[in-house]
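Protein chains: 2
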Amino acid sequence: MSGRPVAIVGGVTPKWGARPTTWAELAQEAGAALFRAVPALRAEDVDSLFVGAAEPERFAFQSHVAPLAAEQMGLRPHKILQRTELACASGQSAIRSAYAAIAAGLSDIAVAVGVEKMNLPSMAEANSAMGCVMDRPWDGPHGATAPPFFAMVAQRHMLEYGTTEEQLAAVSEKNHRFANTNPSAQFYEKTFPREKLLRLPMIAPPLRLGDCSAMTDGAAAVVIVGQEFARRYTDTPVWVRGTGQYSDFHNLANAGSLTDWVGLKHAAREALGMAKITVRDLDLAEVHDCFTISEIVEYEALGLCGAGEGGTFAADGRGAVGGDLVINPRGGLLGCGHPLGATGVAQAVEVYQQFAHSVPSARQAPDPEWALVHNLSGSANVHSVMVYGREAAG
Amino acid sequence: MSGRPVAIVGGVTPKWGARPTTWAELAQEAGAALFRAVPALRAEDVDSLFVGAAEPERFAFQSHVAPLAAEQMGLRPHKILQRTELACASGQSAIRSAYAAIAAGLSDIAVAVGVEKMNLPSMAEANSAMGCVMDRPWDGPHGATAPPFFAMVAQRHMLEYGTTEEQLAAVSEKNHRFANTNPSAQFYEKTFPREKLLRLPMIAPPLRLGDCSAMTDGAAAVVIVGQEFARRYTDTPVWVRGTGQYSDFHNLANAGSLTDWVGLKHAAREALGMAKITVRDLDLAEVHDCFTISEIVEYEALGLCGAGEGGTFAADGRGAVGGDLVINPRGGLLGCGHPLGATGVAQAVEVYQQFAHSVPSARQAPDPEWALVHNLSGSANVHSVMVYGREAAG
Numbered sequence: 001m002s003g004r005p006v007a008i009v010g011g012v013t014p015k016w017g018a019r020p021t022t023w024a025e026l027a028q029e030a031g032a033a034l035f036r037a038v039p040a041l042r043a044e045d046v047d048s049l050f051v052g053a054a055e056p057e058r059f060a061f062q063s064h065v066a067p068l069a070a071e072q073m074g075l076r077p078h079k080i081l082q083r084t085e086l087a088c089a090s091g092q093s094a095i096r097s098a099y100a101a102i103a104a105g106l107s108d109i110a111v112a113v114g115v116e117k118m119n120l121p122s123m124a125e126a127n128s129a130m131g132c133v134m135d136r137p138w139d140g141p142h143g144a145t146a147p148p149f150f151a152m153v154a155q156r157h158m159l160e161y162g163t164t165e166e167q168l169a170a171v172s173e174k175n176h177r178f179a180n181t182n183p184s185a186q187f188y189e190k191t192f193p194r195e196k197l198l199r200l201p202m203i204a205p206p207l208r209l210g211d212c213s214a215m216t217d218g219a220a221a222v223v224i225v226g227q228e229f230a231r232r233y234t235d236t237p238v239w240v241r242g243t244g245q246y247s248d249f250h251n252l253a254n255a256g257s258l259t260d261w262v263g264l265k266h267a268a269r270e271a272l273g274m275a276k277i278t279v280r281d282l283d284l285a286e287v288h289d290c291f292t293i294s295e296i297v298e299y300e301a302l303g304l305c306g307a308g309e310g311g312t313f314a315a316d317g318r319g320a321v322g323g324d325l326v327i328n329p330r331g332g333l334l335g336c337g338h339p340l341g342a343t344g345v346a347q348a349v350e351v352y353q354q355f356a357h358s359v360p361s362a363r364q365a366p367d368p369e370w371a372l373v374h375n376l377s378g379s380a381n382v383h384s385v386m387v388y389g390r391e392a393a394g
Numbered sequence: 001m002s003g004r005p006v007a008i009v010g011g012v013t014p015k016w017g018a019r020p021t022t023w024a025e026l027a028q029e030a031g032a033a034l035f036r037a038v039p040a041l042r043a044e045d046v047d048s049l050f051v052g053a054a055e056p057e058r059f060a061f062q063s064h065v066a067p068l069a070a071e072q073m074g075l076r077p078h079k080i081l082q083r084t085e086l087a088c089a090s091g092q093s094a095i096r097s098a099y100a101a102i103a104a105g106l107s108d109i110a111v112a113v114g115v116e117k118m119n120l121p122s123m124a125e126a127n128s129a130m131g132c133v134m135d136r137p138w139d140g141p142h143g144a145t146a147p148p149f150f151a152m153v154a155q156r157h158m159l160e161y162g163t164t165e166e167q168l169a170a171v172s173e174k175n176h177r178f179a180n181t182n183p184s185a186q187f188y189e190k191t192f193p194r195e196k197l198l199r200l201p202m203i204a205p206p207l208r209l210g211d212c213s214a215m216t217d218g219a220a221a222v223v224i225v226g227q228e229f230a231r232r233y234t235d236t237p238v239w240v241r242g243t244g245q246y247s248d249f250h251n252l253a254n255a256g257s258l259t260d261w262v263g264l265k266h267a268a269r270e271a272l273g274m275a276k277i278t279v280r281d282l283d284l285a286e287v288h289d290c291f292t293i294s295e296i297v298e299y300e301a302l303g304l305c306g307a308g309e310g311g312t313f314a315a316d317g318r319g320a321v322g323g324d325l326v327i328n329p330r331g332g333l334l335g336c337g338h339p340l341g342a343t344g345v346a347q348a349v350e351v352y353q354q355f356a357h358s359v360p361s362a363r364q365a366p367d368p369e370w371a372l373v374h375n376l377s378g379s380a381n382v383h384s385v386m387v388y389g390r391e392a393a394g
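So the sequence lines, in the order shown, correspond to chains A and B.
Under our numbering, think of the first position of the first sequence as 1, with each following residue one higher.
Under our numbering, think of the first position of the second sequence as 1, with each following residue one higher.
Be aware that a few hints might be false.
Pulled from the structure, derived: some chain A residues nowhere near chain B, Cβ distances all over 12 Å [claimed, not checked]:
| hint | residue |
| --- | --- |
| 1 | P20 |
| 2 | F61 |
| 3 | M134 |
| 4 | R177 |
| 5 | W239 |
| 6 | G263 |
| 7 | E270 |
| 8 | C305 |
Computed, partial: chain B to chain A, Cβ under 8 Å [as the list claims (entries may be wrong)]:
| hint | residue |
| --- | --- |
| 9 | R58 |
| 10 | A66 |
| 11 | A70 |
| 12 | A87 |
| 13 | D235 |
| 14 | T236 |
| 15 | Q245 |
| 16 | C305 |
| 17 | A307 |
| 18 | E309 |
| 19 | A393 |
No wet-lab data here; the hints were simulated from the structure.
Glycine included, every Cβ here is placed at the ideal spot set by N, Cα and C.
Model the full assembly from the supplied sequences, consistent with the hints where possible.
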């Protein structure tokens with residue numbers, strides 16, 4: 001049982017980067033772009049707003065951002081208004097909440113918007129905020145923010161499987177190449193060939209600058225509706241067909257294997273099972289490449305290849321157009337940047353545009369029917385997965 | 001249409017106050033108490049966790065608190081895990097999210113927990129965090145934190161309707177009297193007769209110390225399940241029968257009347273309409289008395305009395321046991337304190353205990369069938385309402 005069918009019927013991702021704008025202005029920009037992109041959308045028909053935002057309290061010194069976003073977007077939610085936070089997966093959480101509310105019949109026409117303002121005058125302040133995402137009192141004193149944690153994952157993966165820096169660079173090269181087809185991306189019109197990536201400064205060995213996603217200001221928004229409203233807005237609705245999440249631990253002392261992401265296996269099994277498909281049916285996947293090593297471990301946990309084969313999968317281009325399936329065609333977190341609350345929403349926007357065949361051919365998945373979106377959060381201790389299909393459940 | 005019936009089948013509110021505990025310890029305590037209070041609850045059966053928390057980023061220097069709460073409570077959510085933030089209504093948002101997920105069939109057995117740690121070594125730091133709840137760049141420079149804003153509401157209500165300080169004190173006296181029946185309350189075993197309240201220090205005229213809810217450390221948790229699981233846990237399930245929210249504005253420059261809370265009227269109409277009842281059917285209401293004037297304006301917006309009659313309603317004791325209906329029997333925010341994310345959950349716990357006739361007779365509503373829970377957030381710009389019933393929808 002999963003309520004009435006729910007579809008994404010349009011979406012936008014305005015320009016991402018180090019933007020001279022406030023949190024509120026990013027929300028305003030996304031709202032204006034959304035009404036332009038979905039001409040049939042009328043503000044008074046939007047009954048609910050779901051806001052994904054990770055740390056506006058630290059990055060923008062503003063809490064209670066849901067009504068702020070509503071005001072900036074010209075919306076007056078009269079069914080449900082809320083903000084969801086799940087660190088790097090905050091945007092996907094907003095979409096999942098909208099999905100549940102609509103499936104339950106508590107909302108008919110909703111907007112999910114993700115917003116994050118991360119570039120501050122003091123980047124030390126911004127980095128301190130990022131440290132709050134891990135278990136601060138236990139893991140913080142050991143320096144466990146994101147780059148050192150994912151560096152440990154990479155080191156362990158190299159030890160166990162012989163994964164190489166060149167294989168890591170292959171992920172970054174692919175995603176930056178895709179980002180060059182996406183004007184919204186932070187690193188649009190910046191080229192990162194493998195030999196350049198391998199000479200960039202080391203951040204946390206073996207992760208170099210090009211192995212790490214950036215601190216990004218950005219927003220993204222989608223319109224999500226119940227089945228009977230879908231055709232009002234689009235001829236190419238994208239149907240929510242599955243959802244899965246899994247939370248393993250918080251304190252790193254309670255973590256299991258660094259390289260076997262059990263939580264992702266659980267979450268993907270749940271979401272794919274709900275859609276009644278397997279990973280082989282996917283045409284397209286947006287996965288959480290906060291670091292190059294993340295995408296490699298995700299290939300394995302998703303079952304796209306065997307344990308330890310993720311590096312080879314990357315080097316062989318099996319996630320590029322013409323490979324097994326298209327992975328991170330919008331450019332991923334590495335190419336687009338990673339405004340925490342916006343990322344999960346922008347991934348859904350890409351799925352919508354892929355299904356509508358409205359992306360440049362250099363990143364278009366051939367005639368896609370099924371897509372998966374994955375976000376991890378924190379120290380990969382929580383995994384969140386959505387599965388989208390071209391057809392509603394029969 | 002609103003999916004399958006959903007019930008709250010148990011809940012706890014551990015001790016609130018200025019506690020020498022961390023955010024994580026408050027969550028742990030709520031989890032331990034919940035398993036004691038609901039003996040049939042097994043950790044492995046809980047598929048989802050919804051965490052209400054307003055500003056752990058500022059109060060506890062910790063974000064990504066959903067998996068932290070899961071770990072501390074001994075839960076491993078495998079369907080949905082998220083934190084919701086809606087300032088002072090964050091706890092109710094967690095319950096609404098759980099309700100939507102279960103109604104949609106995406107979760108069967110969930111826990112909603114609200115946690116806030118607000119007492120810091122530096123209360124200036126804590127007050128700065130509270131300032132983030134209003135529109136910081138526009139309203140912050142004018143000093144518009146909560147006490148000055150609600151003081152303006154009180155001044156305007158006095159001007160328009162002749163409301164008196166004595167009538168404000170009547171609200172505080174009632175709620176503190178109720179709090180003396182509730183060992184969890186921050187102000188348990190503290191008496192506040194009206195004459196004492198009227199001599200307390202002025203905070204923001206006309207609001208004195210006893211007119212303001214406190215900075216509180218506290219947590220509360222409930223178990224929420226789909227219809228077919230309810231009788232496993234309790235003989236007295238409390239059914240979610242209605243929900244309503246309304247968001248008017250964010251920037252105070254966009255506010256309408258200070259004393260006519262249109263958003264609450266909309267939200268209550270929606271929630272009561274969904275339950276197919278009127279305000280006259282309510283036996284019990286938990287309303288958001290962050291300040292005494294709030295409860296008075298809420299009487300009016302809910303339609304318990306006419307515009308301008310809220311002060312008289314309070315002075316006449318129409319919200320006490322033996323009055324029109326019982327209002328804020330657990331002691332309200334004034335008597336219990338107001339740990340932002342926990343309040344909305346604790347209000348639902350009170351409804352559960354009232355329906356189970358397990359509260360002291362001094363605050364027991366006579367044989368309750370219907371209850372309403374209200375939270376406002378920010379500058380009363382968002383109103384959130386739930387309606388609970390003793391019977392499932394037929």
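Quick check on B/D235 please, does its C-beta sit within 8 Å of some C-beta on chain A?
Violated. Min distance 25 Å.
Can B/R58 be said to touch chain A, with a Cβ gap under 8 Å?
holds (5 Å)
Should the hint that B/E309 touches chain A count as held when the rule is a Cβ pair under 8 Å?
violated (26 Å)
Nearest-CB test (12 Å) between chain B and A/P20
holds (15 Å)
When the nearest CB of chain A is found for B/T236, is that gap smaller than 8 Å?
With a minimum Cβ separation of about 24 Å from chain A (threshold 8 Å), the hint on B/T236 is violated.
A cut-off of 12 Å on Cβ-Cβ distance, and A/F61 was said to be off the interface with chain B. Does that hold?
violated (6 Å)
So A/C305 supposedly isn't at the interface. Is its beta-carbon more than 12 Å from every beta-carbon in chain B?
Fine: 25 Å to the nearest Cβ keeps A/C305 off the interface.
For A/G263, is the shortest beta carbon distance to chain B beyond 12 Å?
Violated, because the least Cβ-Cβ distance between A/G263 and chain B comes to about 9 Å, which does not exceed 12 Å.
Chain A contact restraint for B/A393 - C-beta distance below 8 Å
violated (12 Å)
A/M134 and chain B, when compared Cβ to Cβ, separated by more than 12 Å:
Its Cβ does come within 12 Å of chain B, the nearest being 8 Å, so this is violated.
Decide, holds or violated, for the assertion that all CB atoms of chain B are farther than 12 Å from the CB of A/R177.
Holds, since 31 Å exceeds 12 Å.
Does the claim that A/W239 lies outside the interface with chain B hold up, using a Cβ gap greater than 12 Å?
A/W239 clear of chain B: closest Cβ-Cβ about 14 Å, beyond 12 Å.
Hint check: violations occur at hints 2, 3, 6, 7, 13, 14, 16, 17, 18, 19; the rest are consistent with the structure.
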